[in-house]
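Undergrad: One-letter residues, chain by chain:
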Amino acid sequence: MAASPIGSNPVIVATRVDKVGTRANVARIIRVVVSLAFALVSLIPISWMVVTAFKARSDIVSAPPKIFFTPTLEGFVNLLTNRVQIPQDQAKAKLAQPNLPLFDRIAAERGQAITGPSQYTGRVLNSLIIAGASTVLSTVLGTLAAYAFSRFNVPGKSDLLFFILSTRMLPPVVVTIPIFLMYRDLGLRDTHLGLILLYTVFNLSFSVWLLKGFIDEIPKEYEEAALVDGYTRLQAFGKVVLPQAITGIAATFVFCLIFAWNEYAFALMLTTERARTAPPSIPTMLGSGGIEWSAIAAGSLGFLIPVVIVTFALRDYLLRGVTFGALKK
Amino acid sequence: MLRPCQDRIAPHGKTLSQGLQVLNRMAAISARNASPSVPRRRGMSDRQIQWLFIAPTLILLVLMNIFPLFFSLYLSFTEYSVIKPNNPPVWVGLENFRHLLQDKQVWTYFALTGRYVVLSVALQTLVGFGLAMLLREKFKGNGLITTLILIPIMMSPVVIGLFWKLIFNPSYGIFNYLIGFTTPNAGPDWLAKPATALGAVIIVDVWMWSPFVMLLCLSGLKAIPDYLYEAASIDRASSWYQFWRITLPQVAPLLLIAILFRTIEAFKTFDLVMGLTGGGPGDATELAAVNLYRVAFTRFNTGESSALAYIMLVIVMAVSNLYVRSLNRVREG
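Protein sequences, first through last, are from chains A and B.
Its first residue numbered 1, the first sequence is counted upward by one per residue in my numbering.
Its first residue numbered 1, the second sequence is counted upward by one per residue in my numbering.
Everything labelled a hint here was simulated from the structure, so no lab data went into it.
Fair warning: this is a prediction, and the values are worked out from it, not measured in the lab.
Glycine included, C-beta positions come from ideal geometry on N, C-alpha and C.
Do not take every clue at face value.
Claimed, not checked - With beta-carbon atoms standing in for the labels, derived distance ranges:
id: 1; chain 1: A; residue 1: 100; chain 2: B; residue 2: 86; range: 51 to 57 Å
id: 2; chain 1: A; residue 1: 111; chain 2: B; residue 2: 181; range: 45 to 51 Å
id: 3; chain 1: B; residue 1: 74; chain 2: A; residue 2: 162; range: 20 to 26 Å
id: 4; chain 1: B; residue 1: 62; chain 2: A; residue 2: 119; range: 33 to 39 Å
id: 5; chain 1: B; residue 1: 101; chain 2: A; residue 2: 111; range: 54 to 60 Å
id: 6; chain 1: B; residue 1: 52; chain 2: A; residue 2: 61; range: 55 to 61 Å
id: 7; chain 1: B; residue 1: 108; chain 2: A; residue 2: 119; range: 50 to 56 Å
id: 8; chain 1: A; residue 1: 111; chain 2: B; residue 2: 323; range: 29 to 35 Å
id: 9; chain 1: B; residue 1: 93; chain 2: A; residue 2: 122; range: 33 to 39 Å
id: 10; chain 1: B; residue 1: 73; chain 2: A; residue 2: 125; range: 34 to 40 Å
id: 11; chain 1: A; residue 1: 37; chain 2: B; residue 2: 244; range: 22 to 28 Å
id: 12; chain 1: A; residue 1: 64; chain 2: B; residue 2: 329; range: 20 to 26 Å
id: 13; chain 1: B; residue 1: 328; chain 2: A; residue 2: 316; range: 29 to 35 Å
id: 14; chain 1: B; residue 1: 181; chain 2: A; residue 2: 92; range: 38 to 44 Å
To be verified - Derived pair list, reagent style EDC-like, types lysine to aspartate or glutamate, alpha-carbon separation capped at 20 Å:
id: 15; chain 1: B; residue 1: 222; chain 2: A; residue 2: 104
id: 16; chain 1: A; residue 1: 239; chain 2: A; residue 2: 229
id: 17; chain 1: A; residue 1: 157; chain 2: A; residue 2: 104
id: 18; chain 1: B; residue 1: 222; chain 2: A; residue 2: 216
id: 19; chain 1: A; residue 1: 157; chain 2: B; residue 2: 79
id: 20; chain 1: A; residue 1: 94; chain 2: A; residue 2: 104
id: 21; chain 1: A; residue 1: 220; chain 2: B; residue 2: 46
id: 22; chain 1: A; residue 1: 157; chain 2: B; residue 2: 332
id: 23; chain 1: B; residue 1: 222; chain 2: A; residue 2: 217
Using the sequences and the hints given, assemble the complete structure.
TA: Put into structure tokens, the structure is as follows:
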């Protein structure tokens with residue numbers, strides 16, 4: 001474009017006058033350096049978590065903290081299995097076996113034998129079911145309600161909207177007591193359905209508010225044109241509004257997922273065994289001699305990865321989506 | 001006077017072109033089934049759709065929030081404990097409220113929570129807004145840095161709290177090393193001293209939630225139309241003037257939304273403290289929500305805890321109402 005002679009092409013890219021020259025360049029370098037530095041510093045705790053997951057117990061509690069160490073899968077063994085202490089000669093005999101599985105070998109090196117898988121995988125599976133279902137539900141219901149609030153003259157609209165927001169102000173502990181009693185009578189305690197419903201409701205306030213902002217931004221004229229052309233309201237919603245709102249829907253989806261995935265208080269108070277999710281169970285991984293830091297780090301790491309993958313996959317929607325929502329007047 | 005132009009489509013080429021596509025498509029469709037008659041309205045009426053769309057949300061909210069809310073309001077006037085199901089609630093009137101409001105300890109916890117909320121939200125706002133200012137211009141790797149900074153908000157607060165306990169440890173934690181204490185145990189034991197424990201909780205909260213403020217500010221900043229700055233720089237307005245007269249007023253609505261959500265959440269801080277300090281040492285980090293949990297699920301004083309919850313709810317609603325009002329003022333002004 002720059003090489004083409006002036007006049008043959010219309011100028012379609014404008015450069016802001018304050019965006020050229022050395023001063024702007026210096027400013028840009030400062031931006032890059034400072035933001036990169038901040039990102040790196042704020043990642044230290046997470047990198048430390050990754051490092052800790054691969055440390056042996058003696059390396060974790062060494063002072064000063066070790067940056068260089070021999071990595072081990074001890075933490076993962078502690079996380080994924082239940083073990084018992086065995087006499088030294090038995091452990092030696094085990095180690096002598098030529099094709100002992102890796103996890104058994106690591107356990108035997110510390111004089112332990114694996115008795116079976118731990119509850120961790122089951123708990124993560126519970127988290128997947130509960131967070132997944134409730135996120136989908138609250139995004140779908142939130143989209144429908146946000147559309148209705150955005151487009152129709154709902155009686156008492158602003159009161160209803162403040163009411164919806166106010167449900168978010170309740171400390172979880174407040175709602176838990178009555179819900180605890182209600183669930184006990186309905187048989188919903190410690191069930192997947194119970195937590196799915198609860199998380200859906202808690203995310204609904206957020207998703208309605210966020211999505212209403214996005215849908216407000218889509219000009220009404222599009223739908224009106226579609227209606228004039230013989231679309232029904234539902235068709236106009238499905239074929240005109242939804243595709244336009246997709247960035248907002250994706251951003252909402254990510255936020256709801258993060259909340260439901262990490263929720264702790266409700267899960268702690270309303271589940272015991274069958275439907276217990278990972279967050280309340282990770283802190284309870286106490287070993288015999290104090291907290292098993294490497295198991296906790298490994299567990300948190302495994303638990304963080306799914307949500308990071310989803311966020312990275314929807315990253316563009318998230319950044320672009322929130323931008324779009326910002327335009328509301 | 002610099003005023004955003006009312007045309008809401010123009011600054012967004014993408015939206016405009018999408019819109020044109022839609023219009024073209026619709027023109028094609030209408031040409032295809034061109035009929036001289038007035039388009040008929042088939043299917044449901046708008047009113048039906050309106051209620052069909054809102055009803056599930058409202059029903060769920062009423063069942064899971066309004067019912068529990070009224071039920072706990074009732075419980076707040078009674079003497080009751082969930083672990084004694086055979087003793088039905090006994091009506092005691094305002095006794096629970098009177099008792100709580102006269103309890104100096106409760107006021108201490110509320111004051112502590114207030115200090116925590118103000119400090120923590122103020123720091124998050126500063127850090128988050130600063131980061132957004134840095135990241136607003138596109139540069140190479142911009143999106144990646146933004147996403148990396150966002151990682152802390154994807155984590156479970158209770159796990160974060162637990163893990164920072166390791167980081168704050170005076171002998172084998174890395175925090176003291178990073179801030180310059182190179183000999184073990186020479187630095188402060190952050191979580192063991194009442195004077196520093198609240199500060200430690202604030203540090204972790206700021207680390208975790210500044211990215212959230214950043215994300216909302218970033219979206220506000222990116223939505224400011226370029227021509228405002230162009231006009232200002234043609235008028236040779238200083239960048240200081242541009243910041244106060246363009247950037248800040250334009251980003252204010254989103255900044256306030258971020259602050260509103262963070263304030264509500266900070267009032268309810270529970271998981272993080274449970275993981276990090278469990279309310280200790282002593283009761284130095286016993287925030288209102290943690291105290292509430294103790295009354296409700298350690299002492300199982302269900303009636304009194306419901307009353308305490310109501311007091312908290314009223315405070316949070318009053319504060320949010322103030323925010324929502326100033327938000328509306330900013331939007332109109």
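Undergrad: It remains to establish, for every hint, whether it holds in the given structure.
TA: Against the structure, the hints come out as follows:
no.: 1; hint: 100/A / 86/B: 51 to 57 Å; verdict: holds, 56 Å
no.: 2; hint: 111/A / 181/B: 45 to 51 Å; verdict: violated, 36 Å
no.: 3; hint: 74/B / 162/A: 20 to 26 Å; verdict: holds, 23 Å
no.: 4; hint: 62/B / 119/A: 33 to 39 Å; verdict: holds, 36 Å
no.: 5; hint: 101/B / 111/A: 54 to 60 Å; verdict: holds, 58 Å
no.: 6; hint: 52/B / 61/A: 55 to 61 Å; verdict: holds, 60 Å
no.: 7; hint: 108/B / 119/A: 50 to 56 Å; verdict: violated, 39 Å
no.: 8; hint: 111/A / 323/B: 29 to 35 Å; verdict: violated, 59 Å
no.: 9; hint: 93/B / 122/A: 33 to 39 Å; verdict: violated, 47 Å
no.: 10; hint: 73/B / 125/A: 34 to 40 Å; verdict: holds, 38 Å
no.: 11; hint: 37/A / 244/B: 22 to 28 Å; verdict: holds, 27 Å
no.: 12; hint: 64/A / 329/B: 20 to 26 Å; verdict: violated, 53 Å
no.: 13; hint: 328/B / 316/A: 29 to 35 Å; verdict: holds, 32 Å
no.: 14; hint: 181/B / 92/A: 38 to 44 Å; verdict: holds, 43 Å
no.: 15; hint: 222/B / 104/A; verdict: violated, 54 Å
no.: 16; hint: 239/A / 229/A; verdict: holds, 13 Å
no.: 17; hint: 157/A / 104/A; verdict: violated, 62 Å
no.: 18; hint: 222/B / 216/A; verdict: holds, 18 Å
no.: 19; hint: 157/A / 79/B; verdict: violated, 38 Å
no.: 20; hint: 94/A / 104/A; verdict: holds, 8 Å
no.: 21; hint: 220/A / 46/B; verdict: holds, 14 Å
no.: 22; hint: 157/A / 332/B; verdict: holds, 18 Å
no.: 23; hint: 222/B / 217/A; verdict: holds, 15 Å
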